[in-house]
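*Asks:* Given the structure of chain V, go ahead and fit chain F onto it with the hints provided.
Number of protein chains: 2
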Amino acid sequence: MSEDKRERLYLFDTTLRDGAQTSGVDFSVEEKAVIARMLDDLGVDYVEGGYPGANPVDTEFFSSCPGFKRATFTAFGMTKRAGRSAANDPGLAGLFDSKAKAICLVAKSWDYHVDVALGITNEENLESISESVTAVAERGLEPMIDCEHFFDGYKSNPEYALACAKAAYDSGARWVVLCDTNGGTLPDEVEAIVTEVVKHVPGTHLGIHAHNDTEHAVANSLAAVRAGARQIQGTLNGIGERCGNANLVSLIPTLLLKPGYAERFETGMTTEDLGSLSHVSHNFDEILNRAPDRQAPYVGDSAFATKAGIHASAILKEPETYEHIVPECVGNRRRVLVSDQAGKSNLLAELQRVGLKVEKDDPRLGRLLDEVKEREAIGYAYEAADVSFELLARRMLDSVPEFFRVESFRVLVERRYNALGNLVTASEATVKVTVDDETMISVGEGNGPVNALDVALRKDLGKYQPYIDDLELVDFKVRILNGGTSATTRVLVESADGEGRRWFTVGVSPNIVDASFQALIDSVTYKLLRDGAPAP
Amino acid sequence: MSEDKRERLYLFDTTLRDGAQTSGVDFSVEEKAVIARMLDDLGVDYVEGGYPGANPVDTEFFSSCPGFKRATFTAFGMTKRAGRSAANDPGLAGLFDSKAKAICLVAKSWDYHVDVALGITNEENLESISESVTAVAERGLEPMIDCEHFFDGYKSNPEYALACAKAAYDSGARWVVLCDTNGGTLPDEVEAIVTEVVKHVPGTHLGIHAHNDTEHAVANSLAAVRAGARQIQGTLNGIGERCGNANLVSLIPTLLLKPGYAERFETGMTTEDLGSLSHVSHNFDEILNRAPDRQAPYVGDSAFATKAGIHASAILKEPETYEHIVPECVGNRRRVLVSDQAGKSNLLAELQRVGLKVEKDDPRLGRLLDEVKEREAIGYAYEAADVSFELLARRMLDSVPEFFRVESFRVLVERRYNALGNLVTASEATVKVTVDDETMISVGEGNGPVNALDVALRKDLGKYQPYIDDLELVDFKVRILNGGTSATTRVLVESADGEGRRWFTVGVSPNIVDASFQALIDSVTYKLLRDGAPAP
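Same order as they appear, the protein sequences are chains V and F. Under numbering that gives the first Met the number 0, the first sequence is numbered contiguously, ending at residue 535. Under numbering that gives the first Met the number 0, the second sequence is numbered contiguously, ending at residue 535.
Looking at chain V on its own, in the form it has when it is part of the complex:
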């Protein structure tokens, strides 16, 4: 099908509005600005920035215009109150004072809520919808209506739910958005109901706003599109109230790559935009200060990862029959995990990725595989700690300079009552390090033994100190591998540096402090290697 025959599908992002309802999420004005720019760069059609007038952050954010290249800056608000003229409604006034180019107004479309929550008649509610839409249009702004509880309302009183949608459309709303506010509607119901709605309001003016309460937000969005809706509302990484909103990061690749959609529809996004998707998703988690979901569809670190050795060799030979899309299309990559189930082909693929060239029949390959298997048997987890794997491989196949040598460390944890009779806990570590021929001894305090050790270790690395100044321990995970007194402890350390790079290292020991120490040492060594620190 030629490109100009494809129908246009619009992407509406509500990360900054409905996404801000996520428990634990609070955006600052600056964060809103960064995320809005990211969304515009990605290529969504609408960026709903918040509810100006409702809180100071949103009012300030809407007091200037983000200067979008492609997206339409959209404000959220409520239809005017019954009994007031649109011109005298303070809520609408706040929206009109903002720099928004489009206004999305929420309106009740379930007669039960019109009665119980608003306490007005069905007719008054329809009037409020019509007059609010007209007022927005008269200001030269793009009007849209979010029909709240549309699907539950339709199930209870289809005529009235439809009347609300029609009132919005007939008075000039560019979009009438059907909201599954409680998130309990299933895909077949969505498809059936939207199929009825398009008989009254053209699909080119219908949007879908789905929530994930039954794990169907993405499927419900596509069900509505199949039935005729042409706007999808969603959020980055599916954040949102309760179980979240429809995840645009999962929807976008399906729309752009899967033939059933890509051949029928076009969005405002190019294939180049799509290539930035993994980065956008991870960057957004960065802003939220949370670890990205490794299992996230399309963009997760594990989305194209294979653990089973039997599959691995086949995947390398014929990736297209084992992968539903080409990972690079969404800015992701294939990962063949090095694990106890691994074979040589997993290993080769991984070595190739880190830039180590080895022939398939190189005997060192077999030795490396044996070493990996032996170490995984005692608890190392190289699939999770790719940097520790890389260092191990480089040591066996090439060489890694011994930048520094830790001669000894000592960690003391104490709990006692102080002179005032208060309980105090203290952790202190001393580390003795040799760089070239110089020996340094450093001491550090921390809120626990590992923290104290980390502080002491990175206090003075002599000439290497400038290389590790921006190194940061961002997370560590502890796993006890086999319970009881003979327990082995595995520590996974996540590090980051000033350039936003993140990497994982692993240490294993019956002693948690020692395991942490190994992982910390690997992390520092990798940082020095990566940044081209000179060998001693």
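Treat the hints loosely; a few may be bogus.
Any copy, or any two copies together, can satisfy a pair, since identical chains are not distinguished.
Straight-line Cα separation of at most 20 angstroms, SDA-like style, residue types lysine to any residue; simulated pairs [as the list claims (entries may be wrong)]:
#1 476 to 284
#2 257 to 181
#3 154 to 261
#4 476 to 290
#5 154 to 194
#6 257 to 191
#7 154 to 317
#8 372 to 517
#9 343 to 333
#10 372 to 362
#11 154 to 165
#12 154 to 259
#13 372 to 278
If you're looking for bench data, these hints aren't it; they were derived computationally from the structure. Computed from a predicted structure; not experimentally measured.
*Replies:* Using the frame of chain V, we list chain F on its own:
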């Protein structure tokens, strides 16, 4: 519709087999046993425990029978190799040696893979399917076939994919499972393809095995059911290779509560089983040592949480119009920013369970609830550590004797090179304890700081020593609650005694040694209390 008119839908859990492909997940034999029991208690029909013969853990797990109340213990394997008789196939032999009651064999159903991956003819593959099924049936075991790459195979060569399914069914397979191995198939395609398949194999013999690569594993499973399939394969919390398998924890409530399914189908689960779902989901994450997803559909902590002030009071007044299901049906609860009654009734039930009688309007109940909420907010997990909860409650509502008092402890961890130039690590702890008016100081060595502390603490408790001689620390789990430098550490300790009793205690601190110490103290105190040790 009366209950007996409903069709039976079967739930097949593959957490222990396909779920074990999750990157970072490795089950021990003991963990497999615990999870299998949990699944049987939940009420799934099949528990696929792994691939006996493929690795030592699975072989050992299948060497004894879990003694299920309801579930069928199922082993995974491969159809026999072409050119070998089923009787001489070592893979099948390993399965027959196991204690499994049902055998699920994976078979290629995409002609391309039959050629490229297996290197055999299409006919040979069909024969292998038929003969393998027959061999399983002849042993008196329930045979099923997983048709690998079924949907991709069907799109490329529908006749051959169907021939594979038919070969399995015709030779007596109880279930022919259609697998979306690459996870790229969309719900409308699944529904259309399964609709064709049921024309050749009855839906009562068809299963669906979906992956979440486009965030449609749940929707795809239901699409297949709508088209006629009557077995669903999935995993707890949707774990699995790449983006995971279909999430049974999301599917089960939809099947049991949503009229479109609940009125048409019945499963092996009762509404009482459903009430344990949130607990099962959280407990499983505990075993995986990871934080439960707060936004998980149905069972997440945020699944029925409301942040918006405007909604909150309306929800309390009319919850049924704001919540798609009643949270308690799945063992979850509503969370709003108002202190709610649900908390108190949970608490009362829990107190009753441990034998503490309190009246509903006792003011101490409110204080205990506040204390529990405050402590859970900083990281304590009383759901997992029932004994720490019991001690807290007894201290506030009754009293717990202070059998002993730890005046101070000190733990030293050292790593250095000894006189021979070998690296040695040592952990040593000293503990000063007062019992009655006697003060004792003990020292212990261990393979890590917590072990050393445990040894020192239990070395000399004076007159209480006989009570704790049979006390044993059997497991401890460490969780870092909020990454980075301000991390809080939660330690869960599992203890056991000579009578085979097991109990859990919890400690929270930025310092892992201190957190472990708290949990150890709770454990020792509980043991003394339980065994009726005299107060000092």
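*Asks:* Checking each numbered hint in turn, tell me which of them this model violates, lowest number first.
*Replies:* none
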